[in-house]
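**Q** These are the residues of each chain, in order.
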Amino acid sequence: MNRILIVEDETNIARLIQMSLSRAGYSCTVLNDGMEAANCIEQNSFDLALLDIMLPGLDGYALLEYLRPMGTPVIFITAKSALKDRVQGLRLGADDYLVKPFEIEELMARVETVLRRTGKGGRVLTAFDVELDTVSRTVTKGGKPLDLTPLEFGLLEQLMRNRGAALYRDVLYERVWGGEMTETRTLDLHIQRLRKKLGWQDRIETVYKVGYRLKKEEETP
Amino acid sequence: MKFAQKLGCAMVLVLAVSFSAGGCALLYGDFADRLAEADTQNQAQHSLACYAVESEILSLYSLGDAITGEDLAAQVEELSSTAPEGSAFALWYQNEMVWGELPGDILPADMGSSQLRYIRTGDTVSAVYCSDLLDGARLFSVFDVTSLYDARTRSLLRFLTMEGVVLLCSAVVAALLSRRMTRPLALLNQVSGEIAAGAYDRRTAVPGNDEVAQLSRSFDHMAAAVEDKVAQLELSVQQRDDFMGAFTHELKTPMTSIIGYADMLRSVQCDPDEQKEAANAIFHEAKRLESLSRKLLQLLHLSDEALTLGPVELERVLAAAEKLMTPVCRKAGVTLRMPARRAFTVRGDADLLVDLLCNLTQNAVKASHEGQIVEILCRPRRDGAILLGVADAGIGIPSQAVSRVTEPFYMVDKSRARKSGGSGLGLALCSSIARAHGTELRIQSREGRGTCVTVTLNSIPSQGGDTP
Chain A
0 MNRILIVEDE
10 TNIARLIQMS
20 LSRAGYSCTV
30 LNDGMEAANC
40 IEQNSFDLAL
50 LDIMLPGLDG
60 YALLEYLRPM
70 GTPVIFITAK
80 SALKDRVQGL
90 RLGADDYLVK
100 PFEIEELMAR
110 VETVLRRTGK
120 GGRVLTAFDV
130 ELDTVSRTVT
140 KGGKPLDLTP
150 LEFGLLEQLM
160 RNRGAALYRD
170 VLYERVWGGE
180 MTETRTLDLH
190 IQRLRKKLGW
200 QDRIETVYKV
210 GYRLKKEEET
220 P
Chain C
0 MKFAQKLGCA
10 MVLVLAVSFS
20 AGGCALLYGD
30 FADRLAEADT
40 QNQAQHSLAC
50 YAVESEILSL
60 YSLGDAITGE
70 DLAAQVEELS
80 STAPEGSAFA
90 LWYQNEMVWG
100 ELPGDILPAD
110 MGSSQLRYIR
120 TGDTVSAVYC
130 SDLLDGARLF
140 SVFDVTSLYD
150 ARTRSLLRFL
160 TMEGVVLLCS
170 AVVAALLSRR
180 MTRPLALLNQ
190 VSGEIAAGAY
200 DRRTAVPGND
210 EVAQLSRSFD
220 HMAAAVEDKV
230 AQLELSVQQR
240 DDFMGAFTHE
250 LKTPMTSIIG
260 YADMLRSVQC
270 DPDEQKEAAN
280 AIFHEAKRLE
290 SLSRKLLQLL
300 HLSDEALTLG
310 PVELERVLAA
320 AEKLMTPVCR
330 KAGVTLRMPA
340 RRAFTVRGDA
350 DLLVDLLCNL
360 TQNAVKASHE
370 GQIVEILCRP
380 RRDGAILLGV
390 ADAGIGIPSQ
400 AVSRVTEPFY
410 MVDKSRARKS
420 GGSGLGLALC
430 SSIARAHGTE
440 LRIQSREGRG
450 TCVTVTLNSI
460 PSQGGDTP
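These protein sequence lines are chains A and C, in that order. Here the first sequence stands for residues 0 to 220, numbered as in numbering that gives the first Met the number 0. Here the second sequence stands for residues 0 to 467, numbered as in numbering that gives the first Met the number 0.
It should be emphasised that the hints constitute simulated quantities derived from the structure, not laboratory data. Only a predicted model underlies this, so the values are computations on that prediction, with no experimental measurement involved. Any given hint could turn out to be false.
[Stated by the list, open to error] To spell it out: a stretch of chain A is covered by chain C in this simulated footprint if at least three of its residues, at any positions, have a beta carbon under 8 Å from a beta carbon of chain C; those stretches are:
1. 18-27
2. 99-109
3. 144-154
4. 193-205
C-beta: ideal position from N, C-alpha, C; glycine also.
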């Protein structure tokens, strides 16, 4: 489980990032103040830091100085979209730069990319004995490769990323197929096929009036 | 042709003309003097010769001899032999040349008595004097004056050489001088080019008092005016850019929350606590946006349109503000103290004054700790104007920030402002309202001690008969 430090003075945004990252299986520490963050960085180690630039206490650039010697990759999150701000951030050694307003999906993708690039994981999603490699787009079950269509792969990826949470049908469709859902049959059929291929008849639950949910480990008997 | 060249040429030309004219006048005057001198001498000699020949004629008469040309010729020959070099005589007697000859092709009959002619034959110039004597004799004296003319030619040549040298030198001097005189013009030209290219801080600063220096001063004056104007424009563009930058920044933060939470709500079925949290966040961030857009619209409205100010009864304004602000104060645990009720009437806009008081009160409440007092002030000043404002005993504003708090989107403590739903526009709006009333926002604050923000309004005598 990757440990991620979130330093953001907007509590709502900080909470949002925390909720989303926790759901995707990251362990998050949230701080709202630059000074506190600096203390925390000295006492703990993190796999990744998401830093706002304008912070009370110490700003994001200063925190970056604390993080560099520890080799912790940094993604800046800021409303400053001017090119020079981005260039400054990246030149100082930030690994990526995310401009507000951003979507959570995008944040996830950036987090994964940075973790993968810095060799701290983020490449493989695991659920039960199934492993999904987001880079080579392959799935193995108990070490044996499994043959999935791109759509099935997309569905499985979405379920694994939001483990334990029920995903709405229309959003699931929108994210995997793209565009608006016209009829529910297609999605249901693909879920059936996925269940059969993985042998996850009871692990991919149908949630009444909502959609589908991938169970967590501790829930299985 | 450059101005410096024109000036130089003009100078050289004037010099050449005046030098030549002066030189020639001098030379020819000198020559004339010498010629006159020579003429006096020659005339004397000629007269002497005439006298000699005439006395010979007279003596011949007295002897009663018949006068012959030979006699006279012998006399002239004798004269000629004693005459100085360069002079010769000729005698014309009874229409016949009896002795000597005349230079060139001049005929003895051409000349009358007591006449002088200068004859040039080849390189020689001769002065020929002619006098009629007794008995039809005519004596000519020929003097060689070539040396005078030669001297004149030599002087002329010397003068021309000298003039050439002088003109050459003066041309060099004139060129340098005119270059020097037109240098300020070149400077003006260069500087105006640079200013046109964007270097607005360039000046010419030509010293002196002449026209060019005056032009330079006017030019510098103009450049300063242009620079000021450009700086002003740049500042207003900068302010606009800053405003837009701050505004988009203020938009983006709530947007991120709203989009993020909404996306979370619509994609996964969250547990009720999370749902509640997300909905709360969306609500509050949207409220923030709403307040931001409302204040922004007001601000734009205020800066765009001229207000019509009318008589406003402050009592009503205070009552409206009290009604709106009491719940806010109660919620924050702050006591709102109202001024003593007195009827004042001011020139203004009632709604805007209520807005002003509410914004100031909200700020005061945010700055106050629980249990403290926020006071709305309304009292007449000695000069009859009305002081309206809000005072608190809260955290105050750092002194270096006081001048900036009325800038749009400026927040002393951003995260605290965010938590209390501040948009950073409140005081900017108050400041605009104050300006619309022809007055300024007066902010007195001490960090840790509290803040007092007031405006001064012009009062008008109330119709109610109450003393203002």
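**Q** Three or more residues of the stretch 99-109 of chain A near chain C by CB distance under 8 Å?
**A** Check passed, 6 qualifying residues.
**Q** Quick one: see if chain C covers the stretch 144-154 of chain A, three-plus residues with Cβ-Cβ under 8 Å.
**A** violated (count 0)
**Q** For the stretch 193-205 of chain A, do three or more residues have a beta carbon lying closer than 8 Å to a beta carbon of chain C?
**A** violated (count 0)
**Q** Counting residues of the stretch 18-27 of chain A whose CB is closer than 8 Å to a CB in chain C, do you get three or more?
**A** It holds, with 3 qualifying residues against the three required.
Checked against the numbered hints listed earlier, the structure breaks hints 3 and 4; every other hint is satisfied.
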